[in-house]
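Visitor: Read off the chains here:
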Amino acid sequence: MTASLPDEHFFRRESGRLVSTLTRMLGVHHLALAEDAVQETLAAAVQVWAFRGVPENPSAWLTTAARNRAVSLLRRERTARRFAPEIGRLADAEGTAGADSAVAHLPPALRDDELRMMFSCCHPGIPADAQVALVLSLLSGFSAHEVSEAFLVSRAAMEKRLSRAKKVLSGTRGLFELGARDFETRLTAVLRALYLLFNEGYHGACPDGAVRMDLCREAMRLVALLVAHPPAATPATHALAALMALDAARLPARVNEAGDLTELARQDRSRWDAGLIARGLELLEASARGEVVSEYHLEAAIAATHALAPSAEKTPWGEIVELYDALLRLRPSPVVALNRAVAVAEQLGPERGLEALRSIPGAERLAAYPFYPAALGELELRCGRASDARRHFRAAHRLARNPAERTFLTRRIAECERQSSTGPSVEDVRPPSPSTPSRRRTR
Amino acid sequence: MAMSEFLYLYRLPADSPNMPSAKNMQERLQKWTAWFKDLETRGYLKVLGHPLETDGAVVTEGGRTVHDGPYAESKDIVLGYSVVQAKDLAEARTIAGGCPVLGYGGMVEVRPIRQM
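Protein chains in written order, with my numbering: chain A, 1 to 443; chain B, 1 to 116.
Because the hints were derived from the structure by calculation, they are not lab data.
Just so it is clear, CB atoms sit at the ideal spot from N, CA and C, and this is done for glycine as well.
You may find that some hints are simply not true.
[Unchecked claim] From chain B, some residues computed to sit far from chain A (all C-beta separations above 12 Å):
hint: 1; residue: A2
hint: 2; residue: L7
hint: 3; residue: M19
hint: 4; residue: W35
hint: 5; residue: T54
hint: 6; residue: V101
hint: 7; residue: E109
hint: 8; residue: P112
[Unchecked claim] Example chain A residues on the side facing chain B (calculated, C-beta under 8 Å, incomplete):
hint: 9; residue: V46
hint: 10; residue: E146
hint: 11; residue: L328
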């Protein structure tokens with residue numbers, strides 16, 4: 001009666017679980033009905049639990065309520081006769097309530113419905129960005145409004161994107177079978193969607209830091225479901241989970257209370273999450289059993305190298321450049337090349353870094369990406385050319401996508417102005433050095 | 001001081017335009033729980049009351065059912081009720097002003113319970 005909710009994300013998890021389970025029971029053509037039933041169930045839980053308190057086993061309460069709600073919605077649609085077999089199946093499920101409540105006690109990772117829904121969302125007929133939106137909507141209980149906020153897309157556009165994707169999904173034969181022949185192909189798409197989801201949270205444009213944190217958390221929760229399910233727990237899955245844990249470990253130092261960004265070299269490493277680093281390294285080790293080295297392996301290895309380095313200066317930058325080179329061979333991308341150039345600057349000095357930045361193939365694709373001019377600015381500043389640096393930082397500032405990025409770049413512009421008025425000091429010409437007091441002061 | 005009792009009816013428009021997300025709903029629940037707890041601690045809560053179903057029936061003389069709910073003539077769903085004690089209507093209104101239902105388009109109907 002007076003139990004409390006396990007945590008603040010309970011409804012989200014339950015929403016994903018219930019939509020998946022009802023969709024499996026009713027068939028994907030009843031996806032919309034399953035969503036309505038879950039929506040009404042959560043509303044009923046708010047109403048009833050407000051007065052009576054949270055029940056001992058809230059998951060079991062929700063499961064029963066959602067089933068009943070689905071049955072009554074089917075009746076309300078006057079389709080009870082037509083869909084009698086489904087109602088029969090639902091009733092059977094009620095009949096085996098004993099076995100069922102045992103299932104309700106199992107951790108979510110042992111249930112297949114959510115996995116099947118996750119694989120279904122990544123149907124090849126659904127574009128990659130819509131797959132990610134669909135995962136958030138169906139498995140994380142995000143409203144269309146919340147998804148549109150997370151992706152900085154208008155709500156109307158997001159509603160359209162979601163409804164198209166749901167139409168594709170509800171037109172399929174059923175939830176994806178985990179034993180299907182194309183399991184591996186689909187798993188690749190699932191990993192990609194979760195990677196995009198995590199990145200949207202980690203590097204994305206949404207101004208609300210809490211929203212972005214939610215995206216990272218959801219990506220990590222869903223990848224944990226894959227890790228716990230042996231056929232899906234491939235080396236690439238482990239590597240992706242490792243990458244997320246190792247990157248997420250830096251979040252406490254990356255974004256401060258005010259939502260301001262601190263780049264890697266200047267982060268207070270004592271604020272990195274040691275538990276997540278340990279977990280990430282464990283996962284990375286588990287990912288090493290296959291023959292194939294995926295892009296996730298390489299990215300995780302880069303993150304691990306940072307995680308293990310005591311400081312930016314003591315980071316083996318040469319190794320990081322090599323890992324980026326390997327990553328570029330696997331997945332040529334101007335963003336990867338940009339990160340590589342930054343590592344080159346750390347290893348060989350800012351002039352070499354600038355050369356690398358200027359020779360990025362397809363650099364024009366970075367035209368709207370504020371971190372390209374920001375990187376140019378950073379390296380020009382290290383070369384002691386403060387006015388060139390300022391020009392680049394200003395260009396970056398015009399491209400900034402949210403207040404955190406703008407604040408960060410405004411500070412860098414101010415630093416350029418400070419240095420051009422005093423002239424470059426010896427220190428400023430040195431290769432990057434995060435613990436340099438003058439840099440610290442500017443933060 | 002003599003206290004009066006008030007019936008609170010928690011009402012919500014039947015067709016709320018915005019679909020709340022799972023996160024929104026959990027926040028609502030937390031607010032309700034905190035609100036009731038606060039009323040209790042401050043000695044306002046006489047009867048916690050109950051949540052109500054949306055269906056039901058209106059029955060008239062001779063057991064004739066006028067109609068089965070949800071009630072067409074009312075655009076609001078009554079989510080539930082409580083009995084609150086306060087020194088006067090003004091205070092009862094102030095207390096109701098903190099009800100979480102107001103945060104998502106609902107309202108509280110405050111009705112003094114007739115004493116004599």
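Visitor: Does each hint hold? Answer for all of them.
Guide: Taking the hints in turn, this is what the structure says about them:
With a cut of 12 Å on Cβ distances, B/A2 stays outside the contact zone with chain A, its closest approach being about 28 Å. Once the 12 Å rule is applied to beta carbons, B/L7 is consistent with being away from chain A; the minimum gap is 15 Å. Consistency note on B/M19: stated as away from chain A, yet its beta-carbon is not over 12 Å from all of that chain's, at 6 Å minimum. Not every CB of chain A lies more than 12 Å from the CB of B/W35, the least distance being 8 Å, so the non-interface label is violated.
With a least CB separation of 10 Å from chain A, B/T54 falls inside the 12 Å interface cut-off, contrary to its annotation. The Cβ of B/V101 sits about 9 Å from the closest Cβ of chain A, inside the 12 Å cut-off, so the non-interface label is violated. With a minimum CB-CB distance of about 16 Å to chain A, B/E109 clears the 12 Å threshold, and the non-interface call stands. With a cut of 12 Å on Cβ distances, B/P112 stays outside the contact zone with chain A, its closest approach being about 22 Å.
Given hint, A/V46 at the interface with chain B, holds; its Cβ is 5 Å from that chain's nearest Cβ, closer than 8 Å. At a threshold of 8 Å, the smallest CB-CB gap from A/E146 to chain B is about 5 Å, leaving the interface hint in force. Hint on A/L328 is violated. Least Cβ distance to chain B is approximately 39 Å, over the 8 Å limit.
When each numbered hint is compared with the structure, violations occur for hints 3, 4, 5, 6 and 11.
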